[in-house]
Every structure is written in structure tokens, then in C-alpha cells.
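Chains as they are written, first to last, in this note's numbering: chain B, 1 to 448; chain U, 1 to 128.
Among the clues, some could well be false.
DSS-like cross-link-like pairs, simulated, lysine-lysine; straight-line CA separation at most 30 Å [to be verified]:
1. U:25 / U:99
2. B:99 / B:61
3. B:61 / U:72
4. B:441 / B:313
5. U:72 / B:33
6. U:99 / B:33
7. U:25 / B:441
8. U:99 / B:99
9. B:61 / B:313
10. U:25 / B:33
11. B:441 / B:61
12. B:224 / U:99
13. U:72 / U:99
14. B:441 / B:224
Examples of chain U residues toward chain B, derived with CB under 7 Å [unchecked claim]:
15. 72
16. 73
17. 100
Covered stretches of chain B, as calculated for chain U (at least 3 residues, CB under 8 Å) [what the hints assert, rightly or not]:
18. 296-307
19. 440-447
Note that these hints are calculated values from the structure, not bench results. Here a beta-carbon is modelled for each residue, glycine too, at the ideal position from N, C-alpha and C.
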Amino acid sequence: MGTDSVLVGCGAGFSGDRLDAAAPVVRSLIRAKRPAAIMFETLGERTLALAQLARMENPDKGYEPLLERLLAPILEACLQHNIRILGNFGAANPLAAAKAIAGLGRRLGCRPMRIAVVQGDDLVAAGQLGALEDESGRPLAFGPVISANAYLGAAPLVEALQAGADIVVSGRVADPSLALAPFIHHHGWALDDWQRLACGTLAGHLLECGAQVTGGYYADPGFKDVPDPHDIGFPIVAMQGDGDFTIGKADTGGGLVDRHTVTEQILYEIHDPSRYLTPDVTLDITNVELDDSVQNEVRVRGAVGHARPERLKVTVGYDGGWLGEGEISYAGPNAAARAKLALDVIRRRIGPDISMRGDIIGVASVFNDDAGQWLSQHMAPSSDVRLRIAVSSPDRAIAARAAEEVLALYTCGPAGGGGARGNTRRRIATASAYIRRDLVKTRIEMLE
Amino acid sequence: MNRTPHISGLEVPLHSIAHGRTGDKGNRLNVSVIAYRPEYYPVICEQVTVERIAALFAHRRISAVRRFELPKLWALNFVIDDVLEGGVNDALNLDGHGKTHSFLVLSLPIRLPEGMRPIINKTEETVK
Numbered sequence: 001m002g003t004d005s006v007l008v009g010c011g012a013g014f015s016g017d018r019l020d021a022a023a024p025v026v027r028s029l030i031r032a033k034r035p036a037a038i039m040f041e042t043l044g045e046r047t048l049a050l051a052q053l054a055r056m057e058n059p060d061k062g063y064e065p066l067l068e069r070l071l072a073p074i075l076e077a078c079l080q081h082n083i084r085i086l087g088n089f090g091a092a093n094p095l096a097a098a099k100a101i102a103g104l105g106r107r108l109g110c111r112p113m114r115i116a117v118v119q120g121d122d123l124v125a126a127g128q129l130g131a132l133e134d135e136s137g138r139p140l141a142f143g144p145v146i147s148a149n150a151y152l153g154a155a156p157l158v159e160a161l162q163a164g165a166d167i168v169v170s171g172r173v174a175d176p177s178l179a180l181a182p183f184i185h186h187h188g189w190a191l192d193d194w195q196r197l198a199c200g201t202l203a204g205h206l207l208e209c210g211a212q213v214t215g216g217y218y219a220d221p222g223f224k225d226v227p228d229p230h231d232i233g234f235p236i237v238a239m240q241g242d243g244d245f246t247i248g249k250a251d252t253g254g255g256l257v258d259r260h261t262v263t264e265q266i267l268y269e270i271h272d273p274s275r276y277l278t279p280d281v282t283l284d285i286t287n288v289e290l291d292d293s294v295q296n297e298v299r300v301r302g303a304v305g306h307a308r309p310e311r312l313k314v315t316v317g318y319d320g321g322w323l324g325e326g327e328i329s330y331a332g333p334n335a336a337a338r339a340k341l342a343l344d345v346i347r348r349r350i351g352p353d354i355s356m357r358g359d360i361i362g363v364a365s366v367f368n369d370d371a372g373q374w375l376s377q378h379m380a381p382s383s384d385v386r387l388r389i390a391v392s393s394p395d396r397a398i399a400a401r402a403a404e405e406v407l408a409l410y411t412c413g414p415a416g417g418g419g420a421r422g423n424t425r426r427r428i429a430t431a432s433a434y435i436r437r438d439l440v441k442t443r444i445e446m447l448e
Numbered sequence: 001m002n003r004t005p006h007i008s009g010l011e012v013p014l015h016s017i018a019h020g021r022t023g024d025k026g027n028r029l030n031v032s033v034i035a036y037r038p039e040y041y042p043v044i045c046e047q048v049t050v051e052r053i054a055a056l057f058a059h060r061r062i063s064a065v066r067r068f069e070l071p072k073l074w075a076l077n078f079v080i081d082d083v084l085e086g087g088v089n090d091a092l093n094l095d096g097h098g099k100t101h102s103f104l105v106l107s108l109p110i111r112l113p114e115g116m117r118p119i120i121n122k123t124e125e126t127v128k
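For reference, chain B alone in the conformation it holds in the complex:
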């Protein structure tokens, strides 16, 4: 790898990732003695709507609930070694997240820091709901929405880095942009240098899910074995000025980086591989080539870039009604038949007008379908199964029937059912929309 490369590591690939993953990445970046940054990706499709609800309840909340626990192990070391931190952990309230980080820094005795807050993704706050379009450009109208956030690209993050931010806090940005921004900033790439932006976006795509490229979500014993899967090293990319890059992992701990782990992650959430749309570039991975001749390091070449899309993708969150679930186990002789009878009993009691599904865990827990066609074709004797009922409705009382009907099997159902559990919870629904990029105004606020 050339001497001009910049390193970007990943400290979290989703909200709920291992909290002890970032520290070995930071230690590796320090040992490498090169310009470096670390990114945290913690937003899913629903996360922002949930965060918005949290903010409505408490104006000081609405950011990643694990923020302090994610950053506490690494904040001081990053500031001391000038490793920039970028994260979309601001969620629905990046300013509150920035204040929380400043508070954490004071408690830990860190040096003073500059925290940039990236605003502008929130289209409800911007009053831009009327500008939403569907995929083919027709105006879209939504009922009451909880949240609507545009996927920002790397540009405002780069602006924050250029303003000297130690930490960049955003809400919704496209996941790969969190890595692309430090590549652009370090190498001085132009924002219309589609070829290099494509390379940086592919590197960001490989980094954005953390361990998913270093042997996490990969092991299949006897076929794909992963060293020390209890302690997988998170990924680090070394990016050259020309866009050529290698991906490896933290230099302690387990995990695996080879052409197979990298290929699984290259194709993760990809549709047409010649047109992967991001706010920054249209990426073509059709001709990507991998070289894994060095252990735990894969060289990636051949990404091709085309002009970025004229519109930004938007995720809209709204009330998704209620989901109720109930479960009960059957074991021993004729267990699957007793579970199937219990399912038929509940289906008959709930009736055809309510949206309901039954699975028999131990026979078909996930490949089944709502109508139960797969289950009926794959019914087989089993000596230990668990019936699961799910009901959805806009009405909480109807959704709650899943748990109620399962519980009532204790006295009214087939013989020998036990271990009933149930829950009823609110759901957030999401939909995708688009907006012209010139209608989305971003701005940076610096906290010092």
C-alpha cells in the first residue's frame, strides 16, 4: 500500500453492535501511525422514527441510546492521536448528541474538542414534506408522519472536517458516506471525481456493517470457519489517493478477511450491481477484482463511477399500528400434531378478517408464509416444537389477542402445552420517497 494512504476503521455497524469492538480498531490505527478516522454507523430504517418519538418525549433525547457507551472507550485516545470520529449516531437529535459527547469528554478529562453537528436531513423540520416524490417523480402524499429524513451524502461531512472538526455528528447520511468523507478530505478529491468517489463508496460499503466483512455473520462450521468468533476484529480500510484500496481488520482479536468474506459484503443489499445509487455517486461493481494473497488483507480494484443521482432518497416513518405475539411449547410424542391443532384452534377463534399468522418453531419457523402453505407441505413429526402466533392491527386490543388466545390454551387447548409467553407492541412503518437534492439544505454547527 502506498505511503500516501489514509486509514478509516469502523467502530459499529448497527445500533446494537458489540460495544467492545471500537477500542481494538483505534489501537490498530494508533500503531499504524498514519492519518486515520473511525466511523460509527448506527441507523436502521426504523431507528430515526423511534428516535423522533424519543425526542418528542424528551427534547434532550432522540440520539443513539448507546452513544456514551460506544465512545467512552475510545474518545480520549482518538482526541490525543487526532483520529477523527464520524457517526450518524445523532439520529433525530444530532445537537443533543454533540452536547452529550462534550459532557462525556469533560467527565473523562479529554482535551477540548471541536464537534460538528450536521443538520438538514430532517424534512419535517425543514417543512419539505410537500416536495416528496415517488420513484418515477410523481408527488407523494403521506398521512401523519413521525419522521422524514433525506439520505445526505459526504459533502457536509467533508465541510465539517475541513472546518477542523474532531468529531462529526449527523443524523441520516448514506452509510458509505461516513467513510467516503475522510477519504475525500484527506486526498482532496473533487466531489464530481466519480471514479475516485466510486472507489471510496465501495470501501465505505464494505466498512459500514462492521464485522460483516471480517468474518462476522459468516461462520458455517465445517464449511466457513472463523477464528475466535467471540472476538472479531472490526474492519480497517487503507485508501490511496488514486482510489486503490485494501481492506483488513484490527490487528488483534479474531475474524477473517479474504475474498469470500469480502464478496459476501460487496453484494450485501445490492440490487443491480452496475447501478448502486448513493447520494455521492452511482457505483458500478460489475468488474471489481479481489486479491487476497496477503493474509487478512484484500486488495480491491475495478470499481467504476458515474454521475450521482439528481434526487436524494428519503425514508418516511409513520404509525404502523400494533403487533401482538404469543408462543407456547409442545414436546414428546405427537408434539407437532398437538401444536398444529392449537394453531387451527386459534385461527378459527380469531377468524379470517384479522391479519394473523402461525408458525411451528421446530418444523418451520422462518421459511413459512402467512397462509401457512409451506408449513402444511413440510409438516413432519417432531418431539419438541413451539407454536408462535402473530396478529397485527391498527387496534391494540385486537393485536393483544395473539397473547390472550395462546394463554387460554393452558386450560382450553390441546394436551401438554407449556411455557406460554406473549407481548404486544407498537410498530413503526416506513416508506421510501425521493426529493430533489437542491431542496435539501444542509448546514454545519460547530460546538467548541
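For chain B, the structure is supplied; the task is to place chain U on it using the hints.
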């Protein structure tokens, strides 16, 4: 299943020559199928067809299947529309992301050419 004359070897699950991962966006799922070795790739291209994937997911009332070939990665990418029964925010099923479905695809039977061996020839992995 396949009457190509040179294909007369072992019948094995796709799992013994390929691996894969799914990704979801709304009600759309992509499934990668990645050959363990380059010599498996043409066999996979020939036998893991759009039609067989569509049949595998017919009970989910899917609306479309597309297949993309990536020979430099020894991989196919399938995009299956309306397979998740509403997707992660809307579905009644346990796995609204469809994350487990890569292994439904990997259960497809594949007839290997004469002389070709799977990566691990475990007894339970060999259908015949």
C-alpha cells in the same frame, strides 16, 4: 432435473459448493450465491436459474426475480421482489429481514459434472 450429457456426477446441495448472504430493502430481498472455487461458477450459472429461484419462493407470492452475473467475483446476485410479506416493519413473520433465506437458496440440489467434488463431501451433505 438437468439432462445435459456431461452432467452425470454427484447430486449435492448448493451449500456444498457455494455460500451466500441476503440483504433487504423494504419488501425486496437480494441473495448472493458465491462459488467456493472458480470451477463451480459455471455449474452454478447453469443450474441456479431464475426459474428455480422463483419456484423456491413461490409460496411467498413473489412478483419478480432478477439475476445478475459477476464472474470476477465467482458470484450471482438474485433480486426477489415482494418476498418478505411486508418487510421488517410490516410483516407477521419472525424474520422480517429475510436474513435466513440465503440458506433456503443454498438447499437447492445441484448435479455436479463427472469428477467434480464438493468442498466437503460430508455424508449428510450428499443427497445421493
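Here is how each hint holds up against the structure:
With a CA separation close to 12 Å, the supplied pair residue 25 of chain U and residue 99 of chain U stays within the 30 Å bound. With a C-alpha separation of about 11 Å, the suggested pairing of residue 99 of chain B with residue 61 of chain B holds against the 30 Å cut-off. Distance hint between residue 61 of chain B and residue 72 of chain U is unfulfilled; the C-alpha atoms sit about 47 Å from each other, more than 30 Å. For the hint linking residue 441 of chain B to residue 313 of chain B, the alpha-carbon distance of about 14 Å falls within 30 Å, and the restraint holds.
For the proposed pair residue 72 of chain U and residue 33 of chain B, the alpha carbon gap of about 34 Å is over 30 Å, so the pair is violated. About 38 Å separates the Cα atoms of residue 99 of chain U and residue 33 of chain B, which puts this hinted pair outside 30 Å; it is violated. As the CA atoms of residue 25 of chain U and residue 441 of chain B are separated by approximately 26 Å, the hinted pair is consistent with the 30 Å bound. Restraint check for residue 99 of chain U and residue 99 of chain B: not satisfied, since their Cα atoms lie roughly 36 Å apart, outside the 30 Å limit.
Among the hinted pairs, residue 61 of chain B with residue 313 of chain B is consistent with the structure: their alpha-carbon atoms are about 25 Å apart, no more than 30 Å. Under the criterion of a C-alpha separation no larger than 30 Å, the hint pairing residue 25 of chain U with residue 33 of chain B is inconsistent with the structure, at around 39 Å. Taken as a hint, the residue 441 of chain B and residue 61 of chain B pair is honoured in the structure, with Cα atoms around 23 Å apart against an allowance of 30 Å. A threshold of 30 Å between alpha carbons decides the hint, and for residue 224 of chain B with residue 99 of chain U the separation of about 17 Å falls inside it, so the pair holds.
As the CA atoms of residue 72 of chain U and residue 99 of chain U are separated by approximately 25 Å, the hinted pair is consistent with the 30 Å bound. At most 30 Å may separate the alpha-carbon atoms for a hinted pair to count; residue 441 of chain B and residue 224 of chain B exceed this at roughly 46 Å. Satisfaction of the interface hint for residue 72 of chain U is found here, the shortest Cβ-Cβ separation to chain B being roughly 5 Å, below the 7 Å cut-off. Below 7 Å, beta-carbon pairs count as interface contacts, and residue 73 of chain U has one with chain B at about 5 Å; its hint therefore holds.
The closest approach between the C-beta of residue 100 of chain U and any C-beta of chain B is roughly 4 Å, which is under the 7 Å cut-off, so the hint is satisfied. With a threshold of 8 Å between beta carbons, the proposed coverage of the segment 296-307 of chain B by chain U is violated, since 1 of its residues qualify and at least three are required. For a cut-off of 8 Å, the count of residues in the segment 440-447 of chain B with a CB near a CB of chain U stands at 0, and the three-residue condition is violated.
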